[in-house]
Amino acid sequence: MNTEIAGLADIAPDYDSMPYWRGCAERRLLIARCQSCGHWIHYPRQTCPKCWSEAVEVEEVAGNGTIYTYVVFDHPDPYVFARIELTECPGVIIMAPICDCSPSEVAIGMAVQLMWIDKNGLPVPAFRLVSGALEDDPIVAP
Amino acid sequence: MRNPIKDQVAIVGVGTTDYVRTGGTKSQGQLAVDACMTAVRDAGLSAKDIDGLAGATHEASPQYVQEGLGIPEATWWTTTPVPFSLLLTDAINAVYAGACTTALVYQSKLRTVATSSSASAFDPLRSAPDPQNLADPHFHKQFTRPYGGPQLAYAGYMRRYMYEYGVDRQPFALVAVNNRTNASENPHAALRKRITTDEYMAARMVRDPMCVFDMDYIVDGADAVVVTTAERAIDLHRNPVYVHAVAYGGYQHAENDSYTDLETVGQAIAARTMWSKSDFGPNDVDVLFPYDGFSIIVLRWLENFGYCSIGEAGSLLQDAWIESEQRVRLGGKIPLNPHGGSLSEGATQGAGHVREAVTQLQGRAGARQLPVANVALLGIGGLFNNSSALILRT
Numbered sequence: 507m508n509t510e511i512a513g514l515a516d517i518a519p520d521y522d523s524m525p526y527w528r529g530c531a532e533r534r535l536l537i538a539r540c541q542s543c544g545h546w547i548h549y550p551r552q553t554c555p556k557c558w559s560e561a562v563e564v565e566e567v568a569g570n571g572t573i574y575t576y577v578v579f580d581h582p583d584p585y586v587f588a589r590i591e592l593t594e595c596p597g598v599i600i601m602a603p604i605c606d607c608s609p610s611e612v613a614i615g616m617a618v619q620l621m622w623i624d625k626n627g628l629p630v631p632a633f634r635l636v637s638g639a640l641e642d643d644p645i646v647a648p
Numbered sequence: 229m230r231n232p233i234k235d236q237v238a239i240v241g242v243g244t245t246d247y248v249r250t251g252g253t254k255s256q257g258q259l260a261v262d263a264c265m266t267a268v269r270d271a272g273l274s275a276k277d278i279d280g281l282a283g284a285t286h287e288a289s290p291q292y293v294q295e296g297l298g299i300p301e302a303t304w305w306t307t308t309p310v311p312f313s314l315l316l317t318d319a320i321n322a323v324y325a326g327a328c329t330t331a332l333v334y335q336s337k338l339r340t341v342a343t344s345s346s347a348s349a350f351d352p353l354r355s356a357p358d359p360q361n362l363a364d365p366h367f368h369k370q371f372t373r374p375y376g377g378p379q380l381a382y383a384g385y386m387r388r389y390m391y392e393y394g395v396d397r398q399p400f401a402l403v404a405v406n407n408r409t410n411a412s413e414n415p416h417a418a419l420r421k422r423i424t425t426d427e428y429m430a431a432r433m434v435r436d437p438m439c440v441f442d443m444d445y446i447v448d449g450a451d452a453v454v455v456t457t458a459e460r461a462i463d464l465h466r467n468p469v470y471v472h473a474v475a476y477g478g479y480q481h482a483e484n485d486s487y488t489d490l491e492t493v494g495q496a497i498a499a500r501t502m503w504s505k506s507d508f509g510p511n512d513v514d515v516l517f518p519y520d521g522f523s524i525i526v527l528r529w530l531e532n533f534g535y536c537s538i539g540e541a542g543s544l545l546q547d548a549w550i551e552s553e554q555r556v557r558l559g560g561k562i563p564l565n566p567h568g569g570s571l572s573e574g575a576t577q578g579a580g581h582v583r584e585a586v587t588q589l590q591g592r593a594g595a596r597q598l599p600v601a602n603v604a605l606l607g608i609g610g611l612f613n614n615s616s617a618l619i620l621r622t
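So the sequence lines, in the order shown, correspond to chains S and A. The first sequence begins at 507 in my numbering and counts up by one. The second sequence begins at 229 in my numbering and counts up by one.
Since the hints were derived computationally from the structure, they do not count as laboratory data. Incorrect hints may appear among the rest.
[Said to hold, decoys possible] Straight-line Cα separation of at most 25 Å, DMTMM-like style, residue types lysine to aspartate or glutamate; simulated pairs: (1) A/369 x S/516; (2) A/369 x S/532; (3) S/556 x A/489; (4) A/276 x A/301; (5) A/276 x S/563; (6) S/556 x A/413; (7) A/369 x S/624; (8) A/369 x S/566; (9) A/369 x S/520; (10) A/369 x S/563; (11) A/505 x A/235.
[Unchecked claim] The calculated label-pair distances, taken between Cβ atoms and stated as ranges, are: (12) A/599 x S/610: 47 to 53 Å; (13) S/615 x A/462: 58 to 64 Å; (14) S/559 x A/421: 19 to 25 Å.
Ideal Cβ placement from N, Cα and C applies to all residues, glycine included.
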């Protein structure tokens, strides 16, 4: 079902999620949205939990958000994994690493911006702090 | 809410195995069988008296246990995801409905790398990976799989809790120390060496802000209980422990990291629904068992059960802290997890909590026996998708 996209086989995607992962392959963050009532639906589903409409399509979003909470994992090296609330999609959360910073710089409520990191050939979402994010920084993936 | 099962089903026997960290050589199935044999004997029954079995999914099947115990005929069985209270509730409902008369409920844990990353160092046979089961309640695993599958879950919830309510790590330390102090008096506990709040503060961070003392202690070990009708229980030789009320709590966004806000979680639903079925209130409780797979869960049980306001569990624990004893007694009286809980006795998904509640209510907890133990309140399970609350009474 997904052999055409590198890095996807190990993720075990399904029919609900394939539009999302196809977007990732193109470095586009595609979030499912009900075309009837406007409700954002993430993680993706094929019907709207709010109004039960089947008219669900993905829409590309910019990926600006804030940190709701996070944990500092210590393995293999310390890295920050966070729950991000997307500013433009009320109710949508993205679980992703915060890159290009040390754990001590991170705090709840900070503004973050989408970036992409490579996982086995597949680009996947990550975030960087809006303040102090330098365009020329090397990307440090967890 | 209506509660037709109230006091109609009783726990009449308990059994357990040793809880061991390393060196265990019993299969997960044999651990279950061992605990079940002890529980059936404890109830004064034999294999032919058992006609129902409830075990945990992916542990030891009812068929394995039935054969191992030589139970000739069963008329009901099930497997249910953990925690133990959910298996127990299935059996309670089955007995009440007449699907069987006397059921064995068992939980069996074997330490593997799925729950204990150091397990493979002790035995390579324990290096099987965590099965990726899309049918389980954590059905969104694929979205974190590219990053190695991290879950913020209870550690992320703990950080947000500290942020929203303005608390430091002290309340979590009190939970950990309370449980260890209690475990030090429990010969069955896997961790009996007392700890101090200073040791807690200096402990290794595992998932910052969660340190090693905030997380349950993985062991090999099994527990079982026998449940039957109240009518039959009266004829047996143990004092029956009646199931007074039980409720689960499931919220629309029940996956570990999907909650919409800290307060809207399954645990709140379980607690509220259970109280609506119960003739008892928080002040009628003699002994309290807030499940402690992670210390944060204990704080929330205290709040959701109504012992304090939301966000005030830290103050409650501080006020209830008895410095000379290094443990908590709510209102100077009610102990929390007198057996040491999953943090210190050992991690068996609430099975230890149920066993200790029954033991206390039957008046045979030895040196730990409470002077008065007629009503036990148990909050078993986590915050999100597996929460349940129950009252056991004499």
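Quick one, are residue 276 of chain A and residue 301 of chain A close enough, alpha carbons at most 25 Å? Holds: residue 276 of chain A and residue 301 of chain A sit about 7 Å apart, inside 25 Å.
Proposed proximity, residue 624 of chain S with residue 369 of chain A (alpha carbon, max 25 Å): holds, 18 Å
Just to be careful, I want the Cα atoms of residue 369 of chain A and residue 520 of chain S compared with a cutoff of 25 Å; is the pair within it? holds, 12 Å
Verify the proposed pairing of residue 276 of chain A with residue 563 of chain S, using a straight-line Cα cut of 25 Å. Violated - the C-alpha atoms of residue 563 of chain S and residue 276 of chain A are around 58 Å apart, more than 25 Å.
Keeping to a limit of 25 Å between CA atoms, is the pair of residue 505 of chain A and residue 235 of chain A held or broken? The hint holds at about 12 Å.
Should the hint that residue 615 of chain S and residue 462 of chain A are 58 to 64 Å apart at their CB atoms be regarded as holding? holds, 59 Å
Regarding the pair residue 369 of chain A and residue 532 of chain S, is the alpha-carbon distance no greater than 25 Å? holds, 22 Å
Given the hinted pair residue 556 of chain S and residue 413 of chain A, is their alpha-carbon gap at most 25 Å? Distance of about 52 Å is beyond 25 Å: violated.
Under the criterion that the straight-line Cα-Cα distance not exceed 25 Å, is the pair residue 369 of chain A, residue 563 of chain S satisfied? holds, 22 Å
Just to be sure I understand the hint, the distance between the Cβ atoms of residue 599 of chain A and residue 610 of chain S should be within 47 to 53 Å; is that true here? holds, 50 Å
Hey, residue 556 of chain S versus residue 489 of chain A, does the alpha-carbon distance stay inside 25 Å? Roughly 18 Å separates the two Cα atoms, so the pair holds.
Cβ-Cβ distance between residue 559 of chain S and residue 421 of chain A: within 19 to 25 Å? violated, 58 Å
Of the numbered hints listed earlier, those contradicted by the structure are 5, 6 and 14.
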